[in-house]
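Chemist: What follows is the residue order along each chain.
There are 2 protein chains.
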Amino acid sequence: MIEELIKQNRSYRRFYQEHVVGAATLKSLVNLGRLSASGANLQPLKYVLSCDPEQNAKIFACLTWAAYLKDWKGPEEGERPAAYIIVLCDTEISKDAGCDHGIACQSILLGAREKGLGGCMLGSINREVLREHLNLSKQYNILLVVAVGRPKEEVVIEKLSTGGSIRYWRDEHGVHHVPKRELEDIIVAEYAS
Amino acid sequence: MIEELIKQNRSYRRFYQEHVVGAATLKSLVNLGRLSASGANLQPLKYVLSCDPEQNAKIFACLTWAAYLKDWKGPEEGERPAAYIIVLCDTEISKDAGCDHGIACQSILLGAREKGLGGCMLGSINREVLREHLNLSKQYNILLVVAVGRPKEEVVIEKLSTGGSIRYWRDEHGVHHVPKRELEDIIVAEYAS
Numbered sequence: 000m001i002e003e004l005i006k007q008n009r010s011y012r013r014f015y016q017e018h019v020v021g022a023a024t025l026k027s028l029v030n031l032g033r034l035s036a037s038g039a040n041l042q043p044l045k046y047v048l049s050c051d052p053e054q055n056a057k058i059f060a061c062l063t064w065a066a067y068l069k070d071w072k073g074p075e076e077g078e079r080p081a082a083y084i085i086v087l088c089d090t091e092i093s094k095d096a097g098c099d100h101g102i103a104c105q106s107i108l109l110g111a112r113e114k115g116l117g118g119c120m121l122g123s124i125n126r127e128v129l130r131e132h133l134n135l136s137k138q139y140n141i142l143l144v145v146a147v148g149r150p151k152e153e154v155v156i157e158k159l160s161t162g163g164s165i166r167y168w169r170d171e172h173g174v175h176h177v178p179k180r181e182l183e184d185i186i187v188a189e190y191a192s
Numbered sequence: 000m001i002e003e004l005i006k007q008n009r010s011y012r013r014f015y016q017e018h019v020v021g022a023a024t025l026k027s028l029v030n031l032g033r034l035s036a037s038g039a040n041l042q043p044l045k046y047v048l049s050c051d052p053e054q055n056a057k058i059f060a061c062l063t064w065a066a067y068l069k070d071w072k073g074p075e076e077g078e079r080p081a082a083y084i085i086v087l088c089d090t091e092i093s094k095d096a097g098c099d100h101g102i103a104c105q106s107i108l109l110g111a112r113e114k115g116l117g118g119c120m121l122g123s124i125n126r127e128v129l130r131e132h133l134n135l136s137k138q139y140n141i142l143l144v145v146a147v148g149r150p151k152e153e154v155v156i157e158k159l160s161t162g163g164s165i166r167y168w169r170d171e172h173g174v175h176h177v178p179k180r181e182l183e184d185i186i187v188a189e190y191a192s
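These protein sequences, in sequence, are chains H and S.
Number 163 in numbering that gives the first Met the number 0 belongs to position 164 of the first sequence; there are no gaps in the numbering.
Number 56 in numbering that gives the first Met the number 0 belongs to position 57 of the second sequence; there are no gaps in the numbering.
Take these hints with a grain of salt, some might be off.
As the list makes no split between identical chains, a pair holds if one copy fits it or if it spans any two.
Stated by the list, open to error - Once the Cα atoms are required to be at most 30 Å apart in a straight line, the calculated DSSO-like pairs of lysine-lysine come out as:
#: 1; residue 1: LYS137; residue 2: LYS151
#: 2; residue 1: LYS6; residue 2: LYS158
#: 3; residue 1: LYS26; residue 2: LYS69
#: 4; residue 1: LYS94; residue 2: LYS114
#: 5; residue 1: LYS137; residue 2: LYS114
#: 6; residue 1: LYS137; residue 2: LYS179
#: 7; residue 1: LYS137; residue 2: LYS69
Hints were generated in silico from the structure; no laboratory data involved.
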């Protein structure tokens with residue numbers, strides 16, 4: 000059931016780093032993005048894949064993790080992602096990817112979850128340095144970095160009361176809690192006959 | 000398998016209009032969006048639901064369909080969506096939804112597909128008129144309209160050769176063909192140890 004998969008597909012930030020995620024797996028995930036909808040069918044998204052520890056370390060150094068966890072600088076060595084999928088916009092195809100990267104990344108992460116993997120879309124990126132590391136031409140804009148690995152944390156959805164804080168938190172057992180707005184709070188109007 | 004569901008989840012634009020999609024179904028779909036990732040967990044997305052024929056007709060009049068099909072003005076009466084999910088950004092929460100609407104709509108449409116329904120994300124919208132019809136306050140920006148119904152067309156993925164056109168087409172049997180870039184054409188670089 001897709002609902003179960005979506006519920007299990009939380010944003011994971013700690014992983015069994017030693018659990019290998021190979022290039023074939025990354026390609027099968029990108030393929031799910033490829034098969035997803037694209038505005039005006041332009042398909043401007045391009046990808047860089049990495050499951051190489053040395054390259055991974057360079058990518059990791061360009062990322063900011065979990066801004067609301069002030070005392071946590073991101074996963075420690077041993078709990079870092081085994082792989083990355085870097086999502087680019089090819090500006091020779093389109094200046095703007097619209098929300099294509101959201102569509103594609105949701106497909107990618109649902110596919111990862113089904114394989115017992117998980118990940119996180121990261122948008123807080125030192126793009127200038129990452130561009131250098133990847134030797135990327137100006138043709139490409141870096142949209143998102145998707146971290147991928149075998150999750151090593153528990154993530155729990157919590158009810159967000161109206162007016163409450165959307166900031167996630169980690170409890171004393173290391174469980175990550177994510178407040179989500181209630182269904183009735185996000186439906187503005189409903190027309191039914 | 001999620002891959003099968005993603006493959007079957009094409010952008011559908013003709014429907015069995017008489018096939019009712021009720022408010023409970025629309026809510027269960029929006030719930031899938033609600034449970035999906037949101038940048039910085041801000042959750043600025045809000046929704047308007049419609050499965051009311053009168054309201055549907057007003058929404059329909061604000062939409063442009065399949066820009067590449069020059070001789071087709073959109074689905075005829077009888078083949079129109081039975082329902083709509085209108086995706087808004089609540090600017091009091093965030094001025095910009097990032098790619099949250101892509102993430103949420105992919106969840107919504109995968110959920111629809113699993114139920115034997117299908118749909119299409121539409122971005123070409125007469126937003127001013129739609130805002131009036133929905134009596135929407137300035138607080139909300141209209142991001143996308145998702146058409147939902149029981150699909151009444153066949154959609155086939157075609158190989159897109161490098162340099163070929165991304166324009167979809169409809170053949171003499173009414174089958175809709177969508178060229179998709181090949182996997183090797185969208186992977187810019189690959190780092191594997």
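Chemist: Would you mind marking each hint as holding or not holding in the structure?
Modeler: We went through each hint and held it up to the structure:
Taking identical chains as interchangeable, the C-alpha atoms of LYS137 and LYS151 are never at most 30 Å apart, the minima being 36 Å within one chain and 43 Å between chains. For a Cα distance limit of 30 Å, the shortest separation of LYS6 from LYS158 inside one copy, 14 Å, qualifies, whereas the shortest one across copies, 33 Å, does not. In this homomeric assembly, LYS26 and LYS69 never come within 30 Å of each other (Cα to Cα): the closest approach is 34 Å inside a single copy and 35 Å across copies. For the homomeric pair LYS94 and LYS114, neither the shortest alpha-carbon distance inside one copy (33 Å) nor that between copies (35 Å) is at most 30 Å.
For a Cα distance limit of 30 Å, the shortest separation of LYS137 from LYS114 qualifies neither inside one copy, at 34 Å, nor across copies, at 43 Å. With identical chains, the CA atoms of LYS137 and LYS179 are at most 30 Å apart between copies only, with a shortest distance of 24 Å across copies and 37 Å within one. Proximity of LYS137 to LYS69 under the C-alpha cut-off of 30 Å is found in neither arrangement, the shortest distances being 33 Å within a copy and 34 Å between copies.
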